[in-house]
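Visitor: Sequence:
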Amino acid sequence: MMFTAIAAGQPNPASAPANPPAQAAAPAGGQTRITLDEAIRLSLLHNHALQAVRTTIQQSTAEEITANLRPNPALGLDAQFLPIFQPDQFSGDYIDQQAQFDAGVSYLFERGKKRQHRLQAARDITAVTRSQVSDTERQVVFNVGQQFVEVLLAESTLEFAQQDLDSFQKTVDISNERLRVGDLSQGDYLKIKLQLLQFQSDVAGAKLAKIQSLAALRQLLGFESVPDDYDVQGTLEYQPVHADVASLKTLAAMNRPDLRAAQLGVTAAESQLALQKANGKVDITGTFNYTHTAGVNSGAFYYNMPLPIFDRNQGEIQRAQFAIAQAQEQASETAQQVSTDVISAYANLQTNDQIIQLYQGGYVDQAKESRDISEYAYQKGAASLLDYLDAERTYRANQLAYRQALASYMLALEQMRQAVGARNLP
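All residue numbers for the sequence shown refer to the numbering used here, where the first residue is 769 and numbers rise by one.
No lab work stands behind these hints: they were computed from the structure.
Incorrect hints may have been included.
To be verified - In silico SDA-like pairs for lysine to any residue, Cα to Cα no more than 20 angstroms straight-line:
{"hint": "1", "residue 1": "K961", "residue 2": "D941"}
{"hint": "2", "residue 1": "K1045", "residue 2": "Q884"}
{"hint": "3", "residue 1": "K1017", "residue 2": "Q1183"}
{"hint": "4", "residue 1": "K1045", "residue 2": "L1075"}
{"hint": "5", "residue 1": "K1136", "residue 2": "L964"}
{"hint": "6", "residue 1": "K938", "residue 2": "D951"}
{"hint": "7", "residue 1": "K975", "residue 2": "S935"}
{"hint": "8", "residue 1": "K1045", "residue 2": "K1017"}
{"hint": "9", "residue 1": "K1017", "residue 2": "S1100"}
{"hint": "10", "residue 1": "K1017", "residue 2": "Q1105"}
{"hint": "11", "residue 1": "K1017", "residue 2": "Q907"}
{"hint": "12", "residue 1": "K1136", "residue 2": "Q1105"}
{"hint": "13", "residue 1": "K938", "residue 2": "S1138"}
{"hint": "14", "residue 1": "K975", "residue 2": "Q799"}
Claimed, not checked - Label pairs and their in silico Cβ distance ranges:
{"hint": "15", "residue 1": "Q1094", "residue 2": "T1059", "range": "52 to 62 angstroms"}
{"hint": "16", "residue 1": "A842", "residue 2": "H1060", "range": "15 to 25 angstroms"}
{"hint": "17", "residue 1": "A1103", "residue 2": "Q930", "range": "47 to 57 angstroms"}
{"hint": "18", "residue 1": "S874", "residue 2": "L850", "range": "18 to 28 angstroms"}
{"hint": "19", "residue 1": "D1140", "residue 2": "A984", "range": "35 to 45 angstroms"}
{"hint": "20", "residue 1": "A984", "residue 2": "Q1096", "range": "33 to 43 angstroms"}
Since this is a predicted model, take the numbers as computed values, not measurements.
We put the CB at the ideal spot given by N, CA and C, even for glycine.
Throw the hints in and build the complete structure from the sequences for me.
Guide: Laid out in structure tokens, this is it:
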């Protein structure tokens, strides 16, 4: 089976094509079949839940624009001493000599580099958001890999069930011939006939499991990204991993986007503290007024500022300090969680590896050989029906368990990739 070389969390919406293909390419005149690499690519392009999460990056970038805006100037106009109730006095001379007109412009001058601190705080939040989106991508890739393995297991189980049904059907045909010539009792023939029902039920159940697994995988890929009759390409296989826990922990520390987000959260909290300290600086409002009174034009400059006697933003500064401590603790907790994930995934992988070694050490071949011997002996009349049916059940259980063991190992491998945040393991 093919595995992608793209690290989970690496794709960025900015790097995605403007008009990605709507569906996986189908071979000429054939059914669309996708590999795990293609499934991951399609999910990163078309998964709607992931696309919704990615919009948080654009939302955070828009917050940067807001944070970098300067205050708007204010325009003030007024007219005084107008003879509203003596309209007969309205004249040019009265307006020029008796009425008063004022026009002024004021502007808030921010002190303490508030705008720069706002922008830096918004940028740090965007960095955290990007890492959080990358972590969501990591989870989507894991879910796709996990569901892809489920499809492979369902497909392998279906193939085995169909092969077993075909093989047992031959036994039924031979038994029918033995019954006809009097070499087999009616009771034994009915037992074999009834056993055929189990094989037919296994095939029907395996078909349903595959349909449901493909539907669940399609949901992760984006329903419109593949056609209705799509299928997967790959097999259940054993791929040994030779890395040790220490190297995997190091890889996880470098690649896990949730750890990176937690570390960037400390930086964002520090930016918030700097912003709150800047907000504690009082701002100055400057005003220029133009006045026309009694035929005289004049101008005046004003400024005002609040006196920081009571409110110096002490509460928000203290809150931001505690927020830094909170972010630091969360980063430490995430780092420990990363180590725990790696240890747990590694132990799971090693356990499943040992189980695979047991099966490949001879149990699979021995079960098949026992079944074949019993089948041949029964067909030649040298073995009892019960011995043959027992060997058949043992072989079927062994094969299904071996396929499940391979799937469990591949799922453990996907868990290991998720734990380190990378598809390629050392």
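Visitor: It remains to establish, for every hint, whether it holds in the given structure.
Guide: Going through the hints against the structure:
1. K961 with D941: Since the Cα atoms of K961 and D941 sit roughly 10 angstroms apart, the hinted pair holds (cutoff 20 angstroms).
2. K1045 with Q884: holds, 13 angstroms
3. K1017 with Q1183: With a Cα-Cα distance of about 14 angstroms, the restraint between K1017 and Q1183 holds, given a limit of 20 angstroms.
4. K1045 with L1075: holds, 16 angstroms
5. K1136 with L964: holds, 19 angstroms
6. K938 with D951: holds, 17 angstroms
7. K975 with S935: With Cα atoms ~18 angstroms apart, K975 and S935 stay inside 20 angstroms; holds.
8. K1045 with K1017: With Cα atoms ~38 angstroms apart, K1045 and K1017 exceed 20 angstroms; violated.
9. K1017 with S1100: holds, 15 angstroms
10. K1017 with Q1105: Answer holds: K1017 to Q1105 is near 11 angstroms, not above 20 angstroms.
11. K1017 with Q907: Given pair K1017, Q907 holds - Cα atoms ~18 angstroms apart, limit 20 angstroms.
12. K1136 with Q1105: violated, 44 angstroms
13. K938 with S1138: It holds: about 18 angstroms lies between the C-alpha atoms, which stays within 20 angstroms.
14. K975 with Q799: Satisfied, since the Cα-Cα distance of roughly 17 angstroms is no more than 20 angstroms.
15. Q1094 with T1059: 52 to 62 angstroms: holds, 54 angstroms
16. A842 with H1060: 15 to 25 angstroms: For A842 and H1060 the Cβ distance comes to about 20 angstroms; the hint holds.
17. A1103 with Q930: 47 to 57 angstroms: holds, 49 angstroms
18. S874 with L850: 18 to 28 angstroms: holds, 24 angstroms
19. D1140 with A984: 35 to 45 angstroms: Since D1140 and A984 have Cβ atoms about 36 angstroms apart, the given range 35 to 45 angstroms holds.
20. A984 with Q1096: 33 to 43 angstroms: Check passed, 40 angstroms falls within 33 to 43 angstroms.
Taken one by one, the earlier hints fail for this structure at numbers 8 and 12, listed in ascending order.
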